[in-house]
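**Student:** The residues making up each chain are set out below.
Protein chains: 2
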Amino acid sequence: MRVNEIFLHTLRKGLKPGHLMTDPADCWLYSYDNSRHHALPEAVVFARETREVQHIVQCCHDFEVPLVARGRGTGTPGGAVPVQGGVVLSLEKMDKTLEINFPDRYIKAEAGVLNQTIQNIAEKSGFFFVPDPGSSAYCTIGGNIGYNAGGPHAVKYGATREHVLGLTAVTGTGEIIHTGTYTTKGAVGYDLTRLLIGSEGTLAIITEAILKLTPLSDFKNTVQITYRDLASAMQAVIKIMSQPYLPSALEFLDESCLKLIQYSHSDAACMLLIDIDDERAKKNIIEASQQVGLIEIHFAENTAEMRRLWAARKALSPALRSLSSKKINEDVVVPVSRVPELLEGLKKLSEKYKIPIVNFGHIGNGNIHVNLLTDSADQCLDEIFNLVISLRGTLSGEHGIGIEKMPFIPRVIDPPTLALMKQIKKVFDPKSILNPGKIFPDEDKL
Amino acid sequence: MRVNEIFLHTLRKGLKPGHLMTDPADCWLYSYDNSRHHALPEAVVFARETREVQHIVQCCHDFEVPLVARGRGTGTPGGAVPVQGGVVLSLEKMDKTLEINFPDRYIKAEAGVLNQTIQNIAEKSGFFFVPDPGSSAYCTIGGNIGYNAGGPHAVKYGATREHVLGLTAVTGTGEIIHTGTYTTKGAVGYDLTRLLIGSEGTLAIITEAILKLTPLSDFKNTVQITYRDLASAMQAVIKIMSQPYLPSALEFLDESCLKLIQYSHSDAACMLLIDIDDERAKKNIIEASQQVGLIEIHFAENTAEMRRLWAARKALSPALRSLSSKKINEDVVVPVSRVPELLEGLKKLSEKYKIPIVNFGHIGNGNIHVNLLTDSADQCLDEIFNLVISLRGTLSGEHGIGIEKMPFIPRVIDPPTLALMKQIKKVFDPKSILNPGKIFPDEDKL
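Keeping their order, the protein sequence lines are chains A and B.
In terms of my numbering, the first sequence is residues 70 to 515.
In terms of my numbering, the second sequence is residues 70 to 515.
Certain hints may be false.
It does not matter which identical chain is used: a pair holds within one copy or between any two.
Only pairs whose alpha carbons sit at most 27 angstroms apart, straight line, appear in this in silico DSS-like list of lysine-lysine [to be verified]:
(1) Lys421 x Lys351
(2) Lys421 x Lys82
(3) Lys396 x Lys491
(4) Lys351 x Lys500
(5) Lys165 x Lys177
(6) Lys289 x Lys351
(7) Lys289 x Lys352
(8) Lys162 x Lys417
(9) Lys289 x Lys416
(10) Lys281 x Lys308
(11) Lys193 x Lys396
(12) Lys82 x Lys289
Hints are computed from structural coordinates only; laboratory data are not their basis.
Please construct the entire structure, taking both the sequences and the accompanying hints into account.
**Tutor:** Spelled out as structure tokens, the structure:
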């Protein structure tokens, strides 16, 4: 069954007036995300609390209507695009902070609260919430959790998976579940919290989360290091990652990126942008950086300069649009020691397919944002993913699968493991109404 | 069906000679663990590789025979006790280290490798594996993963859940699955790694693991702080946990513990034993410790003294046996700010039920080892768990549920969430052969 008048009537009954839209012009705004895809939903609804989400799921379950939950649509692999139509549920009005508890180091918040809102609250008391994707000013914590978002600080502190204590969620049958604890430790039953983290809205709709806070260090510095050649930079990265005091960010920018940010040294082949929040790291990192191709180590002189250096890095992704109207943005990850082989291989593929490839990203984790400046590169992408897999890497470090990387899933997850995931999907969502057509390439066979 | 000659014949075919034992005298050695429970298995088998584990599971699946995997039987809640008979699979012969990769900070090892073996390998290159339960010299990493083991370092670095990258495991239908990645980041498909961590052998039998390594700090110190009253110690703990530089261990010992370790100050009500692996923490911790009831702050003068201080803490659990031949050992956890209420409540319950209660443990996580010096305390335990739940805590921080805490599970996990867990169990193990009679109080209804 699809969206019809009886369905809409039933749906409307449990919602606040104005919280159901069916006009295509209104719905259009919820048809796309930060991928290149769009698909028009038949209805868009807003919820203000878990009970309303439950009502919406129950309606969609009863009428077998696809339901796609979304935050602010900042995801890149198309996870929030309602490819099978149906209803889009925007959680943007669930934006309440429910509890702030600094002694126990957590904030409980609704899924629609912005990442930046949490950062602002935390910072005032000397804490931060570790996940800080490029879109942090605008993305929601529900989205961060749904896609296991990372960001530069993951190199030292881990991704979203390591920073959520518990969740409230509504399964595909409309059951409200509570996972996890208010404590940092817990060994009671199965870890459904982590199962939902990164499940891309296909198992349950996350409505509330208990977010773990991390104290801010009172030391902070940013250092920019440039090299004449890639090999020297890579030696430095591996050495930095082998000593005990991790940088709080370790980013890589290739030659094309340096042109984009108008870096002045013409013989620079690449740059490392490093944040240090532990003074002990400073000496070791400087030492590790001393490689033959080193051009310059530059420490930011003050907070304003730190911000300026990071602003350039953060502007890279939008700036790439100036080089090419179309780009394919991958976020593959390989073990750190294999990054040189990855970059070497990417260079060859760029030449072979005559597609400019620009690379930057979280090199300390081996998580490289590979940008193909083209709108179509099927065969090249195919080879990139095979290269990544041959280096013991995986398809995505922090963006997720969505629709973009769906066809490649069977290359990294073997058939019995993938079959289990599909069966778990069926347990949570037996009618496959939650974000259908995502993650699994053959979902019609579910 | 049960263990019979045809079953044993089939089982034997896939095993090395001598790797199947059925003599009750031999089986007896695999009938118990570190809980007070035992139950005789009908057969004990040993596997040397994942394929053999697969053969064993397939046999038990085909004949519907219960199968309990075990490491070295150091668990306290009875998780390794074959309460429904059947086969015990000991993984002790799967003790190979498969890959040591320091640049990428992981060790891949078979499930039967001892925690201490990993620590020894890691330490030589300046790393450690964070989980360090009291039994680390003897427990296996398979057991650590099965129960999400913690230990003193969890306060700063997290428990097992945060330190495993990927797993190889055999499900209850005999399928070999591979979860996770070789990388520290990954956002591809459902997080089956974390789902298996803490699942107590009820979903799949873990055969290999990729363990994340953490660099050892080159600074280390141990400090012992004593207080005249509990309130002062608690104020110090909360203050220590509110400043940015966490201690790498923050342990609590109550008055009874001080008598056991023969601490000399007669007016001491409790002690904090703190490890610091970041010099910046030192000043803040000393400052936070300055409470009215402070008796003494004593820093270890050298490595030998550090070891001596920790040896006393580690000896506590066995030393308790000298006070009472029987004890019930719980490992409840509450948010740190609620620990004073927990300890106050425990004191009242101790008086009400006239049961001596000795408390020590990982207070920085709110994870207290509550020792009831008696062999029967049903009503008192009942009230303890209700107290813990009223303080937003949970039943276990690091020991797990096993059979001991099974009846209390419905108090901390609501019916829809528990129902989902049971359905997940059915996906992995449709015939309920893997460690039956654990975690879920009404498993016959599965």
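**Student:** Could you run down the list of hints and mark each one as holding or not?
**Tutor:** Quick rundown of the hints versus the structure:
| no. | hint | result |
| --- | --- | --- |
| 1 | Lys421 x Lys351 | neither (41 angstroms within a copy, 57 angstroms between copies) |
| 2 | Lys421 x Lys82 | neither (58 angstroms within a copy, 53 angstroms between copies) |
| 3 | Lys396 x Lys491 | neither (31 angstroms within a copy, 45 angstroms between copies) |
| 4 | Lys351 x Lys500 | neither (54 angstroms within a copy, 56 angstroms between copies) |
| 5 | Lys165 x Lys177 | within (9 angstroms within a copy, 43 angstroms between copies) |
| 6 | Lys289 x Lys351 | both (10 angstroms within a copy, 19 angstroms between copies) |
| 7 | Lys289 x Lys352 | both (14 angstroms within a copy, 19 angstroms between copies) |
| 8 | Lys162 x Lys417 | neither (47 angstroms within a copy, 46 angstroms between copies) |
| 9 | Lys289 x Lys416 | neither (35 angstroms within a copy, 45 angstroms between copies) |
| 10 | Lys281 x Lys308 | between (30 angstroms within a copy, 18 angstroms between copies) |
| 11 | Lys193 x Lys396 | neither (38 angstroms within a copy, 46 angstroms between copies) |
| 12 | Lys82 x Lys289 | neither (53 angstroms within a copy, 62 angstroms between copies) |
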